[in-house]
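**Q** Now for the letters of each chain:
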Amino acid sequence: MTPEPQPLVLVIEDDSHLRQYLQTTLRSHGFRVEEATTWEQGRAAALRLGPEVILLDLGLPDGDGLSLARELRAASRVPIIVVSARGREEDKVLALDMGADDYITKPFGSAELLARVRVALRHSADRSAPPPAVVEVGDLRMNFASREVTLAHKPVKLTKNEFDLLGVLIRHAGQVLTNSQLLHEVWGEAGKAQGAYVRVYMRSLRKKLEADPTRPRLLLTELGIGYRLHSEPQG
Amino acid sequence: MVPVDGKPGCGELIRQTCRMAEARGAPWLGVHLDAPQRILYSKSEEQSLAASLRLVERLGGDLVRLQPSGDVAQDLLALVKARGVTHLILAREQPGWPARRASTLLEDLAQGDLDLVIHVLPAPPAPLERPSHPSEPDALDPRRLGLAVFFVALTTGVGFIVFRYLGLADVIMLYMLCITVAATQFGRWPTLAACVLSILALDFCFIEPRYSFVLTDIQHIGTFAVMLGVGWVILGLAERIRAQTRTAQEQERHARALYRLGRVLAEGGPAPAIRERVEAYLRQELGAPLALILCDAQGGLAEAGRPDLPLSRTELEAARAAMDLGVPAGHGTGVCPQCPCLMLPLPGTERALGVLVLPMVPGAALPSDRMSLLVPLAAQIALALERANLAEDRTEAIIRAQREQLRSTLLSSISHDLRTPLGTITGATTTLLDPGPQSAPEDQKVLLDTIHQESRRLLRMVNNLLDITRLESGLVQVHKEWAAIEEVVGSALGHLEEQLGSRPITVDLPELWIPMDPVLLEQALVNMLDNALKFSPPGSPIEVRGWADPTQFHIAVADEGPGLPPGEEELIFEKLYRGTGRPAAPGAGLGLAICRGIAQVHGGTMFAQTRPRGGAQFTLSLPLTALEGMPPDPESIP
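The listed protein sequences correspond, in order, to chains A and B.
Be aware that the first sequence starts at 0, since it is given in numbering that gives the first Met the number 0, and climbs by one per residue.
Be aware that the second sequence starts at 0, since it is given in numbering that gives the first Met the number 0, and climbs by one per residue.
Careful, some of the hints might be misleading.
To be verified - Estimated spans, in silico, between C-beta atoms of each pair:
(1) A:A151 <-> B:P440: 38 to 44 Å
(2) B:P440 <-> A:P131: 50 to 56 Å
(3) A:A43 <-> B:S539: 55 to 61 Å
(4) A:V134 <-> B:G435: 52 to 58 Å
By construction, these hints were calculated from the structure, which means they are not laboratory data.
Remember, predicted model here, so these are calculated numbers, not experimental data.
Cβ atoms here follow ideal geometry from the backbone N, Cα and C, with glycine treated the same way.
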């Protein structure tokens, strides 16, 4: 049995200690790691090496991380996870709306890092296949063909909007989706500039799906950014 | 080049020279011939000369003092040649140059055969003579004159009756009475008229031969002389009394005015407030539009701060001159007399503090009694302003000292708080890098756990420091939106998942849309929950409760700890305040200040209390009416 090829992660980060930490952590969990320290190097390495995932620091010394994210997205569909400091929510939303797949806030633990990378890899693998008719996350099961939803085998009645919203979230399970992405997916052009729609339906979805809406296990809020459906919900 | 002497109007000449030189971008100089031809200056002229010389230097001119040889023109021409002067400015009447009219001086200069342009400027207006006391009693008042005539006629009428029953002596006494009344009541000319008329009437009506002016008895001439003399003496007395009364009244008026000013100034306050009150007082007291210009810290006039008082160039110049020279300037004075206002400096101990601006009627001078009132007024105002400035300086110094104190407290406390976890981390890592021979795997796990926790603590402190700095510097922008409160609470609880562990948390929230910045409010909630965790026993329940009243939404975090020491409910919101009765908790001292700061940027409030059955409760209140648009309505969504 031949060993599965190890996925390649490109780390674009200027701080050598953080780079080392990422390198060590990722390597010990079965990833190959390449490093770039500047905007220019990062772009060249991304085009040359064709990595499976890119970890991109938004605060590069020689250029705007956001513009690099846009260039990389224009060149390929490789998942991009942006690394950013606390309190830069606007930057993160911009990066996500510009095509980055997820974000992670410094400082972060290894569990969080690996979860993000794995989710990103899974979604990039799924992208080639046609969307499955049935998706299951924990106790939640959505059948897109019959538009039925069950939670722990009990049927849950959802309105059309609730179903569509949950559908978008579950197809991107584990991945953050910004408010505007959700609006666009569910309401199309009509949803633009109606940020409150999503919050209204998240409230009703939580009432139907969460035991305690103030301590959600499934439908997580990323304040100032958007929402994430927990891909490995416990409890 | 301009000649400088101490005569009135010289200042004006100097200023015009300066303006001309500035317009040409050329240097200029003032020349003074020391005591030309034994002309002795009076004391006031000497002062005025010194002021003029100062003015030259202040305006940036070069000052040259010459020993005169006797021929003014020769002296000037020599200097013109030596300094390469191209323009000479003279007044039409050059008062300080004895026996020289500008015209003869001009002729002499013209013979000098030099490339020199001579400007002869019109003589500046001489300062207006101030009238002495108001002269109404001296003026010939027809009404009073008529009254005096009437009085004499009346006396004559009564005299006929008296003459019939008594004698001539009594009639004479009657006329004396008439003259006395006139002297005390009607002033000089009516009194003289009354005297003359009385004598004539007496002679004509009562003295033999009656009904004729012929005098037969030489003795009556003596009577007339005595009558005139008595009239004159009483008139003198009466005038002196009148003058004294007037002076006393004037002094009383001044004293009252000064007293009222004293009361106005006694209220104290910062300089601008004093200025406003003084201006109001002056308008009321003197009935004229008066204004005060204060100078700024650098001694320049703070004209930028007075949009209500635009000063023309000449007025500004006069004001500056008054400040720099410390003497009244402008209308009716020797300095800048073409200015329509009178500028009185407010004399401070080191320099003038400002200028009192009095708009004047063209051509009229200020009565001297006004002037004698205004000078002490200006002195008092200056004193009050100086006091205000000193008080301001002191307050500033105190604030600065407090700020320094806070900064050093902050620094020492922060460095302590940062150093403690760093010390633990450093220690633990060195042990891990070089474990002892008997170190067990469990020990390593313990050390790694310690490092992890201490790092988190450091991170929280650094974040808190950043937050409080941003809040205090006003850098925080509030992005209010209709937020679901349970989302915000849920997110805060999620952030503290690790610290909360198995603590029982009860959450009771209404299903409302609240206008707020959810990211900021989450920060506040994290700090409130963190505080509750720190100050209540492990395992004790924490309660999060939200409720709304018509104007506000309140969210409270309550614990079952020891509660707050009485009297510290407000103090705990101070930065770096660590409760006296409570265990010293690491990193405390910023969290609650951040919470209150976040409440305040929302226009809300935050307070703490001890619950009736024990435990502390922190309540953050947000206004409900501060957001445009409607809260989301699920029915309206397609």
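**Q** Taking the numbered hints from earlier one at a time, note which ones the structure violates and give those numbers from smallest to largest.
**A** Result: hint 2 breaks, nothing else.
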